[in-house]
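Guided by the hints, dock chain B with the ligands onto chain A, whose structure is given.
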Amino acid sequence: MTNPIEIHKHRHLKYLRTEILPTAFCSGCGCGTILNIFVNVIDEMGIDPNDIIAVTGIGCSSWIPSPYLAVDTLHTTHGRAIAFATGVKVMKPEKHVVVIAGDGDLSGIGGNHLIHAARRNIDLKVFLVNNFIYGMTGGQVSPTTPKETKTTTTPYGNSEQPFKITELVAAAGANYAARWTTYHIFKLKKAMKESIEKKGFSFIEIISQCPTSYGRKIGQKEGIDQLNHFKANSIDIKNKEKYSEEDLENKIVVGKFVERNRREFVDGLREINKKLAVSN
Amino acid sequence: MNNKEYLKDFAGKTLFVQGDEAAAYGALFAGCNFFAGYPITPASEVAELMAKELPKVGGFYIQMEDEIASMGAIVGAAWTGGKTMTATSGPGFSLMQENIGYACMTETPCVIVDVQRSGPSTGQATKGAQGDMMQARWGTHGDHEIIALCPNSIQESFDLMVEAFNLSEKFRSPVIFLTDGEIGHIREKLVIPELKDIFIQPRRISESKVDIFGGERIPPMIEFGQGHKIHVTGSTHKSNGMRDVSSQNVHDVLIRRIYEKIELNRDIIVKYETHFTDDMDYLVISYGASARPSLGAVHSLRKQGKKIGMLRLITIWPFADKITRELCKKVKKVFVPEMNLGQIAREVERFTSNPVIKISKIGGVSHTINEISEEIISNI
Ligand SMILES: Cc1ncc(C[n+]2csc(CCOP(=O)(O)OP(=O)(O)O)c2C)c(N)n1
Ligand code: SF4
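Sequence order for the protein chains is A and B. Residue numbering for the first sequence follows my numbering, beginning at 1 and increasing consecutively. Residue numbering for the second sequence follows my numbering, beginning at 281 and increasing consecutively.
With the rest of the complex left out, here is chain A (with noise of 0.2 Å):
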């Protein structure tokens, strides 16, 4: 049988690994469609492939750009990528150093980095995969399920507060923090945009479906019926004066959360160097 990827040759495929396609994400997962994403906008934007340092941690959203994306791609330990990411970033400036991954790697283990980060404003660009739980382990809780959600390790409810996760981005420092879902792809495809054009720390949480971890556990058992809650909860940032905290606490607030112009950190470091270099 000739491989159907031969047949279809998109315009796309260049971006990818197409050696070791198809993916191996389960069908209805939201990472196969910010992998899409993240393709038409570096497409969009033009740019170069070789511009982009891909670094990721564990789980399955770790996998969007690592094996997929054909960029030099780092693929760490479970929680650090972003530490990771500012050697990267730190040594060459000049490229676009993307860092997706999990909620459970980037705000559960990797929580510390991730505000460290964001408070010294390095110019990464974090797309955090929300899914609500720890997928690839097979569905425990995570910092981000919701109250009384039952999971494999919560199987009386969860008791725990989830973050809020770009509030928190945002208010770490932050030069960009967005939210949004794998429902507003086009909104998500622009955000992207706006996050890769701003320097400094730029931050989207994409709230996305997870049917095989926690869809099916929460009575949402194809991929479709999760989009249709981010669709039918999802409140832009805008409106959210209108509604009470009570009500915010099951809604998705999405929208852009902040957007300055702080001082990135590679450029004060590099700043300093050039202070020695002519005192010297």
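Note that these hints are calculated values from the structure, not bench results. Ideal Cβ placement from N, Cα and C applies to all residues, glycine included. Accuracy of the hints is not assured; some may be wrong.
Claimed, not checked - If you only want the chain B side, here are some residues facing chain A, beta carbon under 10 Å, derived:
id, residue
1, 341
2, 352
3, 379
4, 503
5, 508
6, 509
7, 511
8, 530
Claimed, not checked - Selected chain B positions facing chain A (Cβ under 8 Å, derived; list incomplete):
id, residue
9, 316
10, 338
11, 340
12, 349
13, 354
14, 361
15, 378
16, 505
17, 513
This is chain B with the ligands only, laid out in the frame that chain A set:
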């Protein structure tokens, strides 16, 4: 002002500095241009000197949020062309272990300084010790080899730091600079060599992206951002870097090669020093700070006519197996003074059937010459 010009000012000079500072100077002369770390006694002086000097040579110092991040950052920077290092002590060294394993698996050259202090846990934070000898060897999970060096003077702190960087490049491996709080904090004379007298092992860079994780026992490296679209992962991978976690054979080939590139080059890597070993009945084996009173004891016992010899280990890992086996054969008993409860004594036992007597001292105070010689006298 470039790197070399700034260093020229120091070359040939005699300084009076601490071991930590000598190690930092060694790193600068070895071409280190990226340091990521987190403060901890007794290693902070390495970071402080690097923070001051690195920007002057066009390099970068960054203080991370913890040691896990520090270790991650130096690996990231190594893949973008950096010669990188971090410095810590026991608690931080513990935190680094997962990412040290990542550096082993991805064959990333970098140097980790561990200025050992008394543990476990916070222990005696300001006191020197040699309790991380085995952690340096086995701290991260899975089969792997590691290179670890133990300086016992200020001059050697400089020289071995250059060597540490060279070995990390030559073998594409993390190298542990395993010093201790004693050597880290004492002050001695340091003569900085002339630039022409310092050998720098260049990084071997591959022309093509193929086989940077196989093909040869020590494959060449690559730098991100050169258009190779290379894939680097801590998961089991094929020689082109692509993940393959299901084939027994791929894992076997990869891990054995990473193991063998150090194991089969032991003779090139291992450094040691011997004293009075031509004619001896008893042997003292020591390293780092405890090698100093050990050698003092050997000298004093020789004066008393006792036939004692000494082996000072400079490379700890891979272990100096051949010389240890050979020298142990010549004697009746072996003594191992160290500032732990016998970590290297136990390793020595693997190479001899003669009695190996531990001369352990813990509690943050180094052995005195008398303590060691009395212990030896009472056992011969
Ligand atoms: C240090 C460490 N702890 C635990 C794991 C096991 N582990 C692998 S992926 C994962 C969670 C993945 O969840 P998330 O980051 O949300 O990504 P997802 O799979 O949902 O995309 C865990 C806990 C690991 N690999 N390393
Ligand atoms: S387990 Fe969930 S996140 Fe992972 S691939 Fe399947 S659907 Fe996607």
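ask   = Can you list which hints this structure breaks, lowest number first?
value = Structure breaks hint 8 only.
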